[in-house]
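S.K.: Given the coordinates of chain C, assemble chain X onto it according to the supplied hints.
Line by line, the protein sequences are chains C and X.
Sequential numbering of the first sequence, starting at 24, is according to our numbering.
Sequential numbering of the second sequence, starting at 496, is according to our numbering.
Among the hints, erroneous ones may be present.
[Said to hold, decoys possible] With the C-beta cut set under 10 Å, the calculated list includes, among others, these residues of chain X facing chain C:
1. L619
2. G711
3. P715
It should be emphasised that the hints constitute simulated quantities derived from the structure, not laboratory data.
Source: prediction; values computed, not measured.
C-beta atoms are modelled at their ideal positions from N, C-alpha and C, and glycine is treated no differently.
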Amino acid sequence: MRAKGLLVSLVLLCSSAVFAQHGGELRFCLRSDPKTFNPLLVNDDASETVRYLTAGFLLRVNRLTQLPEPELASSWKVLDGGKSIRFKLRSDVRYSDGTPFSAADVAYTMQQLLDPAIHSATSDAFRSGEGKLVTRVLSPTSIELTFPAPVANLISLFDGVPIISSASPQKEMAALGPFFVAEHKAGAFVLLKRNPNYWKKDVQGRQLPYLDSIRLDVEQNPDIEAMRYQRGEVDLINTVSPAIYEKLSSVNASFVRDAGPSTDAEEMWFNQVPSAPIPGYKKQWFTSTAFRRAVSDAINREDVARLVFRGHAVPAIGNVPPSNKFWFNSSLRRDAYDAAGALRRLQSDGFRLENQQLRDKSGNPVEFSIVTNAGNRSREQMATMIQQDLKKIGIKVNVVTLDFNSLLERMTQTFNYEACLLGTVNGDLDPSSQMTMWLSSGEDHIWNPKEKAPATPWEAEIDKQMRIQASTLDLHRRKAAWDQVQKIALEQAPVIYLVNKDSLVAISPQVKNAQPSPFRPQAYWNIETLMLARR
Amino acid sequence: MKILHKIALAVLLSTALASVFARYIAPAGYEQQFRDEAQAGPSLHHPLGTDELGRDRFARLVYGMRVSLFLAPLAALLSTILAAAVGGVAGFCGGWVERIVMGATDLFLALPWLFLLITVRAVLPLNLSPMTSVIITFALLGILGWAPAARVICAGAKQVLQSDFVWGARARGCGGLRLIRVHLLPSLRPALAAQFFLSIPVFIIAEANLGALGLGVSEPLPSLGGLVCELQDFVMLRPEPWRLAPLVVLIVVIGAFQVLLSKQEVHA
Numbered sequence: 024m025r026a027k028g029l030l031v032s033l034v035l036l037c038s039s040a041v042f043a044q045h046g047g048e049l050r051f052c053l054r055s056d057p058k059t060f061n062p063l064l065v066n067d068d069a070s071e072t073v074r075y076l077t078a079g080f081l082l083r084v085n086r087l088t089q090l091p092e093p094e095l096a097s098s099w100k101v102l103d104g105g106k107s108i109r110f111k112l113r114s115d116v117r118y119s120d121g122t123p124f125s126a127a128d129v130a131y132t133m134q135q136l137l138d139p140a141i142h143s144a145t146s147d148a149f150r151s152g153e154g155k156l157v158t159r160v161l162s163p164t165s166i167e168l169t170f171p172a173p174v175a176n177l178i179s180l181f182d183g184v185p186i187i188s189s190a191s192p193q194k195e196m197a198a199l200g201p202f203f204v205a206e207h208k209a210g211a212f213v214l215l216k217r218n219p220n221y222w223k224k225d226v227q228g229r230q231l232p233y234l235d236s237i238r239l240d241v242e243q244n245p246d247i248e249a250m251r252y253q254r255g256e257v258d259l260i261n262t263v264s265p266a267i268y269e270k271l272s273s274v275n276a277s278f279v280r281d282a283g284p285s286t287d288a289e290e291m292w293f294n295q296v297p298s299a300p301i302p303g304y305k306k307q308w309f310t311s312t313a314f315r316r317a318v319s320d321a322i323n324r325e326d327v328a329r330l331v332f333r334g335h336a337v338p339a340i341g342n343v344p345p346s347n348k349f350w351f352n353s354s355l356r357r358d359a360y361d362a363a364g365a366l367r368r369l370q371s372d373g374f375r376l377e378n379q380q381l382r383d384k385s386g387n388p389v390e391f392s393i394v395t396n397a398g399n400r401s402r403e404q405m406a407t408m409i410q411q412d413l414k415k416i417g418i419k420v421n422v423v424t425l426d427f428n429s430l431l432e433r434m435t436q437t438f439n440y441e442a443c444l445l446g447t448v449n450g451d452l453d454p455s456s457q458m459t460m461w462l463s464s465g466e467d468h469i470w471n472p473k474e475k476a477p478a479t480p481w482e483a484e485i486d487k488q489m490r491i492q493a494s495t496l497d498l499h500r501r502k503a504a505w506d507q508v509q510k511i512a513l514e515q516a517p518v519i520y521l522v523n524k525d526s527l528v529a530i531s532p533q534v535k536n537a538q539p540s541p542f543r544p545q546a547y548w549n550i551e552t553l554m555l556a557r558r
Numbered sequence: 496m497k498i499l500h501k502i503a504l505a506v507l508l509s510t511a512l513a514s515v516f517a518r519y520i521a522p523a524g525y526e527q528q529f530r531d532e533a534q535a536g537p538s539l540h541h542p543l544g545t546d547e548l549g550r551d552r553f554a555r556l557v558y559g560m561r562v563s564l565f566l567a568p569l570a571a572l573l574s575t576i577l578a579a580a581v582g583g584v585a586g587f588c589g590g591w592v593e594r595i596v597m598g599a600t601d602l603f604l605a606l607p608w609l610f611l612l613i614t615v616r617a618v619l620p621l622n623l624s625p626m627t628s629v630i631i632t633f634a635l636l637g638i639l640g641w642a643p644a645a646r647v648i649c650a651g652a653k654q655v656l657q658s659d660f661v662w663g664a665r666a667r668g669c670g671g672l673r674l675i676r677v678h679l680l681p682s683l684r685p686a687l688a689a690q691f692f693l694s695i696p697v698f699i700i701a702e703a704n705l706g707a708l709g710l711g712v713s714e715p716l717p718s719l720g721g722l723v724c725e726l727q728d729f730v731m732l733r734p735e736p737w738r739l740a741p742l743v744v745l746i747v748v749i750g751a752f753q754v755l756l757s758k759q760e761v762h763a
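Next up, chain X with everything else stripped away, as it sits in the complex:
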């Protein structure tokens, strides 16, 4: 288990490093079109060949990992913070506050988030740069993704508030913000960490889903979701297995997050 954990960590670190140093690793810019070398097979010049427009597939993969691997954790952080705030307040206050907040959470859970995302994207200004639009997309994912975690946090908060050490602290006059800061938040930290790690692959896949609908990251910026979306014409795959690289990376990265998540869950 320990070895698996280390491997997962190594995988995530190496993919993170590769995407950070994409500029030095990639043989060309992700948007550069080598139109005379379109659909080329793997070569020294283009390790994973080129796509239909002659863009280097390896360059697009490492830059795409940068988008997915950095923005998905940020979106996960945003949704975890929102979940902690909403779930924590509901659990801490209890009574009618909890009923109202959890009712609102249930309502949020019932929303068809995919259609909501499509609608929000449709009303965004058209002249946003691809990077701005992808940041907005992930921010939306983060803003919309807090509800399931909020229910878990609310339940956790209520459980912590019933524990002996909290009763003891209250008996000694500890209350309000101090109780939250000193006792509640540290006790909820493993649950929050688990929610954070759980959300990352969910958001990577959500972006891939949007990509499959053609509503993911704008061209020419690549993302793992967008690159996986290119595999839709699967009848073409058999003679070009190197085109599966983005899918393999996506599976490996999500697998690594799952391994780390198991550890977090054990701790939680």
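Here chain C stands alone, though its shape is the one from the complex:
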């Protein structure tokens, strides 16, 4: 009987391998046509997808372990306190067109990347100080890069540096990644074919990737994309909305997977710009920590996660979500939803409740508007729920939806708004990527951008901690500084974090070896090992 059981288990274990197909074409959709195939110029999602599938990188951050792993570089060493890095490269690696890969390509790529004329989005993180990058090719398989000043998080930054050839006649179209661009019909599709010279092999010594090709159809409408997926015309959807997730799940539970909370957050903040064209008494509310904390406490985040995101989100604790395993300050706890406590906090700050209307010390009724981008249904719903929650403590909220350009203009130029509800996408887990958000002089210091000097003592303390974490390679010191920033951010609530959304993906049961991750690209981060079952 036991032997029979063992046999059945063995058959079940082997079945996926037996029926999985080495080869075949994986199909999924891009939301728009890629704007560029030059991997150094990528600045949109569609181009980023093509880059991820075709470009070679010195190292990659594993989307499950969140740790850097060797790719084209077999090893590396950080020198001079983070000013230099030395890479040992793999030998016998060739581009898709047969051109050999060498250290000269890495030097060429870095020079191109840091060329101001190229305006590469990836390059900003490497600009640690005044001066130029010095590249020293030590041998065809060894290179040393020296930056003008130490670069925090230097290793992980190379996860975003695609290596391009300095010698290939195909220039940037020569691919070092698992696939290369074989065909592109503008507005219709991009066809990627297996790179015959790809360097990587699996544990059994088989050439990777397993797939023959990938067809990326341009499809703007997510509902149509979901219908095509349901009909089996596409094999995966990298991110699906909670509504589509529920619909597909009701058809077949194995159609979709919840990869858990991502680092993407939905948040609101009050305008604290001193020159903002809003009444002075409102500026006093918005700069009051008690007011911001009370609003934060009065929002029922559990309900937002349950209703707006259908349970596929978790109430946010602070600016770093627990899914960011290393950098999250695990000592922080979000105060539970407490409307009565929020009201007490407001009353201790001089506010009073009269006939269901909250009034400030001067008798002004507490009323403000929340702006958000038009057409984003989940944000409109969140704003409506906040409106209802704050009504319970006598605050009247007007929800205003604006087209994105008007919203941006109000947020960054005229500062003519009171509160704003938007979301952030955190692609990089390291705090150095958030310098412009948390430094008081930062352009993305959303509640009061580009302060000449920190407006409050707690902002000065955040500045100090951010500079500490950016100027040292000592991980423990960096972590302690970033923990302190998270603690201050939670206590002062300049940004009220609402929820962290789950990564929802749709992957056909036909696709084998899929291991969805909460981090981009969620469904196909391990593209080279994905396999198709026989159709």
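M.R.: For chain X alone, coordinates are given in the frame of chain C:
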């Protein structure tokens, strides 16, 4: 035809009455969130179920009809009055006045009104109540919607001024405002009525278009346009046909207006 007309009238009257007495018909307020009953199916408590936030869909429908069915005719009235004034003056004066006014009308017709609406909405004060913002939206629709009707009225006015009875009146010394009041306006009344009825469904649909862009009526106030906009995630519809109710009401109401319009056109 007569029966159809009566049915159309009955439909419009019943929807108008339902929206006027929404407070008594609706099982709950349109903004009330029953968060523990979100996305519920139809029941005695919630005849059309509840939406994602637990708001009663039937309540939102009847209150939404109030917004659309009362403000769209007001906007239509505004645009008809403007069209009568502009088209009437152009037709009555003729010559260079007509050329200038009709040139301005053509220019107005060429404006991308949707972008104009989006721009105007973007510069409105943020702390307007939802009702004020929806009134402004419909007022804008009315102000922007006069141009096509003005051309029709101008042509009609010129035709009336060429008729024998107007020549007769002029020969008897009738002119100026009296000619307009006694002869021109009564003759143009059917055309004006047709333009008025034609504009109502146009404005309801225009508000729905703005709603589809997320720029319609502000939350939590419902409107037919906003409710129809919620049907965008159509992959969800098959198991929940009751969610189609706002679309059905919109089609029925616009259909009823079209039936009445045909009658007005016949009279015109």
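S.K.: How about X:L619: closest beta carbon in chain C under 10 Å, or not?
M.R.: holds, 8 Å
S.K.: Holds or violated: the hint that X:G711 contacts chain C, with Cβ atoms closer than 10 Å.
M.R.: holds, 9 Å
S.K.: Given X:P715 was flagged as interface, is its beta-carbon under 10 Å from a beta-carbon of chain C?
M.R.: Constraint on X:P715 satisfied, holds at 6 Å.
When the structure is compared with the earlier hints, no violation turns up for any of them.
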